[in-house]
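Q: Work out the full structure: start from the sequences and follow the hints.
Residue-level listing of the chains:
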Amino acid sequence: MEVEDSKTGGRYEIMIERLTLNDFKIVKKDKIRFDSFNWSKYREQEVYKLRLTECQEILGLMCLNEFPPETGINALEIELLEVSVENRGNNKRLQGIAGCLIAFACREAFNRGYKGWVFLIPKSELIEHYSKAYGFVHIPLRAVARPEGFMELETGRSVQLLKKYGLI
Amino acid sequence: MKSFKDIQKEFTPKEIVESFIFSGTKSLKGKDRENFMNEFREHRKKVSDSYSGTTELISQLLQLKFQIEDYIKSTQFNKDFYFGYFLNEYISILNRKKKDFAQEIEVDPAELSQIINKHRKPTEKIIFRLEIHSNRNFPALLWFKVLEKERAYELMYNRQIIEEEKEHVKRKLEFSF
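Going down the list, the sequences are from chains W and X.
In terms of this note's numbering, the first sequence opens at residue 1 and continues consecutively.
In terms of this note's numbering, the second sequence opens at residue 1 and continues consecutively.
There may be inaccurate statements among the hints.
What the hints assert, rightly or not - Just the calculated beta-carbon pair ranges, DEER-fashion:
hint: 1; chain 1: X; residue 1: VAL47; chain 2: W; residue 2: GLU44; range: 41 to 51 Å
hint: 2; chain 1: W; residue 1: ARG51; chain 2: X; residue 2: PRO109; range: 39 to 49 Å
hint: 3; chain 1: W; residue 1: LYS29; chain 2: X; residue 2: ASN158; range: 29 to 39 Å
hint: 4; chain 1: W; residue 1: GLU128; chain 2: X; residue 2: SER23; range: 31 to 41 Å
hint: 5; chain 1: X; residue 1: PHE128; chain 2: W; residue 2: ARG51; range: 28 to 38 Å
What the hints contain is simulated information worked out from the structure, not anything from laboratory work.
Just so it is clear, CB atoms sit at the ideal spot from N, CA and C, and this is done for glycine as well.
A: Structure, rendered in structure tokens:
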């Protein structure tokens, strides 16, 4: 997978790896670059980092939550995702970090036998934007007190995202 | 730490989805979480039941492909993951009898069986035919890399191969780096 330099259009190969205990310490110290969530709370969970193949600096973080067959859900939830501060907004240095992380989640969802199912719980203001950016489909659930329901990438849409990010 | 409202002040919704996903089911508690799980389960089953055979097939083939890719990338060697194992998985997912599959790629069924059972190495032509059979979904390069990993392991741990070839080398360098 690759991310793109917003100014030059240059493309850089990336790697996605499991966050180590040492990485958690680095992220904790690096509060300026990862300023929105307390990632230390997710130390016991499945957290991944994205970096350029040629550089150790962490550019994005994602926590996955697995719902195995015994739950009857068979899917991966993206519990949390954050891109480093210099790669957000209008002046971002690199584009496509979140997309690469989400595509990686789709790949994992195939790899673990969940037929590519990935979901997230959106903030209601963001529903149409997750849909436009990554193809998530909004499923409003009547039983949930929160009105947002959830958003999913089932097999077909998951395959589309894998194609978009060059994983197949 | 920042709240969603803080982030909204800084970025447009489009920019937010390019940088954040906010806490999900972990923030649902008690009855809410239970209800969510029940509704999701029901929805998941309904959608899965509607899947065509092709969707199931694509899912299983992608699972196999990613397993092969991850195995190639891994620094570990697993003696159970050899060329014939992955080929057998491919044939099983397609729900073909080995004899029928051998016919589809015009290979002698005995040869196919020997490859699957690790009694014989695949020839290049079989690898190229696997690429064609899978409509390039499993490219020849992927199969070659599995074979290469297998060979590397054999060379590292099966010195007998080297010993057997010694008698055919009449002259060799006199020094070692």
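Q: Please go over all the hints and tell whether each is borne out by the structure.
A: Against the structure, the hints:
Restraint check, X/VAL47 to W/GLU44: a C-beta distance of roughly 31 Å breaks the suggested window 41 to 51 Å. About 48 Å separates the C-beta atoms of W/ARG51 and X/PRO109, a value consistent with the hinted range of 39 to 49 Å. For W/LYS29 and X/ASN158, the hinted distance range of 29 to 39 Å is not satisfied, since their beta carbons lie about 48 Å from each other. Between W/GLU128 and X/SER23 the CB atoms are about 20 Å apart, so this pair departs from the stated range of 31 to 41 Å.
Between X/PHE128 and W/ARG51 the C-beta distance comes to about 36 Å, which sits within the given range of 28 to 38 Å.
Hints 1, 3 and 4, counting from the list given before, are not met by this structure.
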